[in-house]
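**Student:** Given the sequences, and given the hints that come with them, work out the whole structure.
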Amino acid sequence: MISPEAGKEVIKKELPLIPKLPGVYRMLNTKNEILYVGKAKNLPNRLKSYITEKNHIIRTERMLSQTKKIEITTTSNESEALLLEANLIKKYKPKFNILLRDDKSFPFIFIGNKDEWPQIKRHRGKKTKEGFYFGPFASAGSANWTIKMIQKIFHLRVCEDTVFKNRERPCILYQIKRCSGPCVGYIKKEEYKRSVDDSIEFVSGKSRKIQKNLSNQMEKASEDLDFEKAVILRDRIKALNIIQSSQRINEANLMEADVIAGYKESGKTCIQVFFYRSKQNWGNQAFFPKHDPDEKLSNILNSFVSQFYENKSVPSLIILSENIEEKNLIEQTLSKKESKQVNISVAKKGSKLKVINQAIKNAKDSLNRKLYESQNNKGLFDSISKKFNLETNISLIEVYDNSHIQGTNSVGALITFGEEGFVKKRYRKFNIKKKDNEQDDYGMIREVLNRRFKRAIQEKDNFLSFPDLVMIDGGKGQYSSARETMNELGLHDIPVIAIAKGKYRNSGNETFFHNGKDYKFEKNDPTLFFLQRIRDESHRFAISAHRAKRKKGITKSLLDQIQGIGSIRKRALLNHFGSARAVESASLDEIKTVEGVEEKVAKKIYNFFHE
Numbered sequence: 003m004i005s006p007e008a009g010k011e012v013i014k015k016e017l018p019l020i021p022k023l024p025g026v027y028r029m030l031n032t033k034n035e036i037l038y039v040g041k042a043k044n045l046p047n048r049l050k051s052y053i054t055e056k057n058h059i060i061r062t063e064r065m066l067s068q069t070k071k072i073e074i075t076t077t078s079n080e081s082e083a084l085l086l087e088a089n090l091i092k093k094y095k096p097k098f099n100i101l102l103r104d105d106k107s108f109p110f111i112f113i114g115n116k117d118e119w120p121q122i123k124r125h126r127g128k129k130t131k132e133g134f135y136f137g138p139f140a141s142a143g144s145a146n147w148t149i150k151m152i153q154k155i156f157h158l159r160v161c162e163d164t165v166f167k168n169r170e171r172p173c174i175l176y177q178i179k180r181c182s183g184p185c186v187g188y189i190k191k192e193e194y195k196r197s198v199d200d201s202i203e204f205v206s207g208k209s210r211k212i213q214k215n216l217s218n219q220m221e222k223a224s225e226d227l228d229f230e231k232a233v234i235l236r237d238r239i240k241a242l243n244i245i246q247s248s249q250r251i252n253e254a255n256l257m258e259a260d261v262i263a264g265y266k267e268s269g270k271t272c273i274q275v276f277f278y279r280s281k282q283n284w285g286n287q288a289f290f291p292k293h294d295p296d297e298k299l300s301n302i303l304n305s306f307v308s309q310f311y312e313n314k315s316v317p318s319l320i321i322l323s324e325n326i327e328e329k330n331l332i333e334q335t336l337s338k339k340e341s342k343q344v345n346i347s348v349a350k351k352g353s354k355l356k357v358i359n360q361a362i363k364n365a366k367d368s369l370n371r372k373l374y375e376s377q378n379n380k381g382l383f384d385s386i387s388k389k390f391n392l393e394t395n396i397s398l399i400e401v402y403d404n405s406h407i408q409g410t411n412s413v414g415a416l417i418t419f420g421e422e423g424f425v426k427k428r429y430r431k432f433n434i435k436k437k438d439n440e441q442d443d444y445g446m447i448r449e450v451l452n453r454r455f456k457r458a459i460q461e462k463d464n465f466l467s468f469p470d471l472v473m474i475d476g477g478k479g480q481y482s483s484a485r486e487t488m489n490e491l492g493l494h495d496i497p498v499i500a501i502a503k504g505k506y507r508n509s510g511n512e513t514f515f516h517n518g519k520d521y522k523f524e525k526n527d528p529t530l531f532f533l534q535r536i537r538d539e540s541h542r543f544a545i546s547a548h549r550a551k552r553k554k555g556i557t558k559s560l561l562d563q564i565q566g567i568g569s570i571r572k573r574a575l576l577n578h579f580g581s582a583r584a585v586e587s588a589s590l591d592e593i594k595t596v597e598g599v600e601e602k603v604a605k606k607i608y609n610f611f612h613e
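The sequence shown runs 3 to 613 under our numbering.
Hints in this document: simulated from the structure, not taken from any laboratory. We put the beta carbon where it would ideally sit given N, CA and C, even for glycine. Fair warning: there could be bad hints in the mix.
[Stated by the list, open to error] Dumping the calculated SDA-like pairs for lysine to any residue here, alpha-carbon to alpha-carbon at most 25 Å:
| id | residue 1 | residue 2 |
| --- | --- | --- |
| 1 | 351 | 301 |
| 2 | 15 | 54 |
| 3 | 15 | 31 |
| 4 | 128 | 203 |
[Claimed, not checked] Label pairs and their calculated CB-CB ranges:
| id | residue 1 | residue 2 | range |
| --- | --- | --- | --- |
| 5 | 424 | 167 | 36 to 44 Å |
| 6 | 150 | 255 | 25 to 33 Å |
| 7 | 459 | 126 | 33 to 41 Å |
| 8 | 56 | 130 | 51 to 59 Å |
| 9 | 127 | 343 | 21 to 29 Å |
**Tutor:** This is the structure:
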């Protein structure tokens, strides 16, 4: 029986000590884990409601029953409390809060305005460089498509400065008419600058004006009998026409707005965000926040909006599919954050309602696909349990693989698959530390499993919860090593299976090992395809981790091994001598002449190479 009385007693004891100020409160359990983060305009009044209200929803009663401690942070106003609450929820992911789980930054298109020959590129993160930023785009693919179109019409460079400054002849992009060749002086600065200005106007939604300018230039080129230039301009106009016909100009004529719509079914929710900029739809993204099955959609939307914009740029207008409780507070907070007026409205009629209905339809379709995949995955988990006679129900599988070349740059990899698909935040790579294990596959498996599960047993920082099944890419030997390691750690109840390819390493002829038995599947069995798929994902992740480590080792300089030589001195030495080998053959007096390298450091460098 769930009893909230323990939590109520904790609140009663703390209430006299809490100041009557706005702020954030945190409910903690016996392990000091944060159960819930909330905010309030008046902290004592909000916390008192947990004691005085008699009919709490089941989720709140569960939270109070586990609450053993309360922490508070006061703020100067309610807006600060809202931002702090969103930040803490993202950071600690409390189990009783509504959580926005897929929280990533969105790409922008950047065009520099201070460079001699501005470059166009995709950008993520802080906007530290001076120039023009256009976005956000819903995906990297959407941003890349727009950049490709700008290349076709305006022939701007996309190459990095290091490549641009060292070219002696134009690259293939010039040959296929996607760059004007500024690296080798094939275009005048004034003309290139005009193309940059036109591209900025194009992304800002003034494509008709650009088309008119290009038409005028083409006619002039024809009159001047410069038919080569006229043909180029004609091709650019054609490309522009194709883009205009494929652009999704929105009916609501939205210059700068985000459209946010939610759809809830079977205790799950999908929220779709559509980005409208310069009267164009720049793509949409689906989110599946974590929440209590009985939570109202309006509350989910309310929490989503405050968390979503905590670390993102905010448009002038946010259109929602339904009213939210804290509309005025969120408006005020976001306006202050962005130093501009931000309006939140609910679409009720006209063209805006059409846009919202389209977003709701997308949310419904995305949620139905998600529920179908989830149900399908549950069926596959059940078939695995049946095939291998497992006593436990499966909802989370961890797959392990190793990658190395003749014992060098050895890496172990872990990927996770749950009911909703691959769980990327639970992916881990392990650089093999023990030298004896670098050429020993069995030793690598033992080291990886020891490191992964010891942390969970000891409940150290950032430990992962236990899976329901461990799968190893390997044969009988790998299975035995894994099973022995798990038993030594006291994890007898977590089943282990190994998957080995056939004699000719062909897919479809895999043999599985579990509890001293060999298992085979029919070639067209969906469960076999599923196990192959997650095995292949672990292999892909292991290979990519190994390649990254190998690349890092190749690019590592001898100078990195000298204690006290940081990135600035290293750069100064390489700029002066050209390479680490040239530094090695330099005299002490030559090293002393390098800017920023005093005598003491110069001796250290010289002695490193000559002792």
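**Student:** Evaluate each hint against the coordinates.
**Tutor:** The hints, checked one at a time:
no.	hint	in the structure
1	351 to 301	holds (23 Å)
2	15 to 54	holds (14 Å)
3	15 to 31	holds (16 Å)
4	128 to 203	holds (23 Å)
5	424 to 167: 36 to 44 Å	holds (41 Å)
6	150 to 255: 25 to 33 Å	holds (26 Å)
7	459 to 126: 33 to 41 Å	holds (37 Å)
8	56 to 130: 51 to 59 Å	holds (53 Å)
9	127 to 343: 21 to 29 Å	holds (26 Å)
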